[in-house]
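Chemist: Residue numbers (my numbering), protein chains in the order written: chain A, 1 to 117; chain B, 1 to 107.
For the record, the hints were derived by calculation from the structure and aren't laboratory data.
Owing to the predicted nature of the structure, the values given are computational and were not obtained by experimental measurement.
Where hints are given, some of them may not hold.
[Said to hold, decoys possible] Computed list of lysine to aspartate or glutamate pairs in DMTMM-like fashion (alpha-carbon distance at most 20 angstroms, straight line): (1) 45/B x 46/A; (2) 64/A x 105/A; (3) 103/B x 46/A; (4) 45/B x 1/B; (5) 42/B x 13/A; (6) 39/B x 46/A; (7) 45/B x 16/A; (8) 64/A x 1/B; (9) 39/B x 72/A; (10) 42/B x 105/B; (11) 42/B x 105/A; (12) 45/B x 99/A.
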Amino acid sequence: QVQLQESGPGLVEPSETLSLTCTVSGGSISTYYWSWIRQSPGKGLEYIGYIFYSGSTNYNPSLKSRVTISVDTSKNQFSLKLTSVTAADTAVYYCAREEYNGIVDYWGQGTLVTVSS
Amino acid sequence: DIQMTQSPSSLSASVGDRVTITCRASQGISNYLVWFQQKPGKAPKSLISAASSLQSGVPSRFSGSGSGTDFTLTISSLQPEDFATYYCQQYNRYPWTFGQGTKVEIK
């Protein structure tokens with residue numbers, strides 16, 4: 001059974017960089033696509049982007065200028081960096097596994113990130 | 001981006017009721033649609049993919065239909081554990097987009 005677990009700071013100051021890591025267990029990260037999705041009361045569920053184990057990425061155009069997703073296959077982890085955050089980036093951030101056909105089949109439990117000084 | 005619009009945004013129903021939720025895409029997405037269930041404080045759980053294919057382990061009282069722009073999720077006989085928020089999501093064209101959710105509450 002694949003499990004995903006997000007980790008990282010729960011509080012980030014405005015204009016700083018949000019950094020989260022997702023650790024994958026119960027399966028290799030060297031298959032499938034690995035995604036970040038966030039959920040906020042104001043914007044609902046929002047797809048951030050994905051990475052393939054080879055390093056190829058695809059980002060939501062609305063966030064593309066501020067987002068970087070990377071992968072570390074040796075640690076079975078992938079990471080999210082979101083720069084220049086504002087209060088609008090406050091959300092629960094989920095990491096997830098995406099099948100080759102695009103279906104998100106496994107989710108992490110989610111981690112709340114609050115942007116505030 | 002493809003806009004996904006769900007209706008209603010919330011509904012009240014009793015155990016045993018038949019419940020129908022609709023989802024409309026702003027452009028045709030064939031059958032590239034997933035329905036999720038989310039309970040408070042939990043991650044979404046997929047119920048149906050490809051518009052009508054029940055995910056493994058999901059009770060048969062859940063069903064999905066539709067193609068193109070109009071889709072439906074039906075719960076044939078609402079159970080206590082079904083009170084939750086339901087979302088549709090298209091995976092026809094990046095970025096994947098979600099409906100705003102339908103909250104199913106106890107009457």
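Chemist: Look at each hint and say if it fits the structure.
Modeler: We went through each hint and held it up to the structure:
no.: 1; hint: 45/B x 46/A; verdict: holds, 16 angstroms
no.: 2; hint: 64/A x 105/A; verdict: violated, 24 angstroms
no.: 3; hint: 103/B x 46/A; verdict: holds, 18 angstroms
no.: 4; hint: 45/B x 1/B; verdict: violated, 23 angstroms
no.: 5; hint: 42/B x 13/A; verdict: violated, 26 angstroms
no.: 6; hint: 39/B x 46/A; verdict: holds, 18 angstroms
no.: 7; hint: 45/B x 16/A; verdict: violated, 32 angstroms
no.: 8; hint: 64/A x 1/B; verdict: holds, 14 angstroms
no.: 9; hint: 39/B x 72/A; verdict: violated, 31 angstroms
no.: 10; hint: 42/B x 105/B; verdict: holds, 17 angstroms
no.: 11; hint: 42/B x 105/A; verdict: holds, 15 angstroms
no.: 12; hint: 45/B x 99/A; verdict: holds, 15 angstroms
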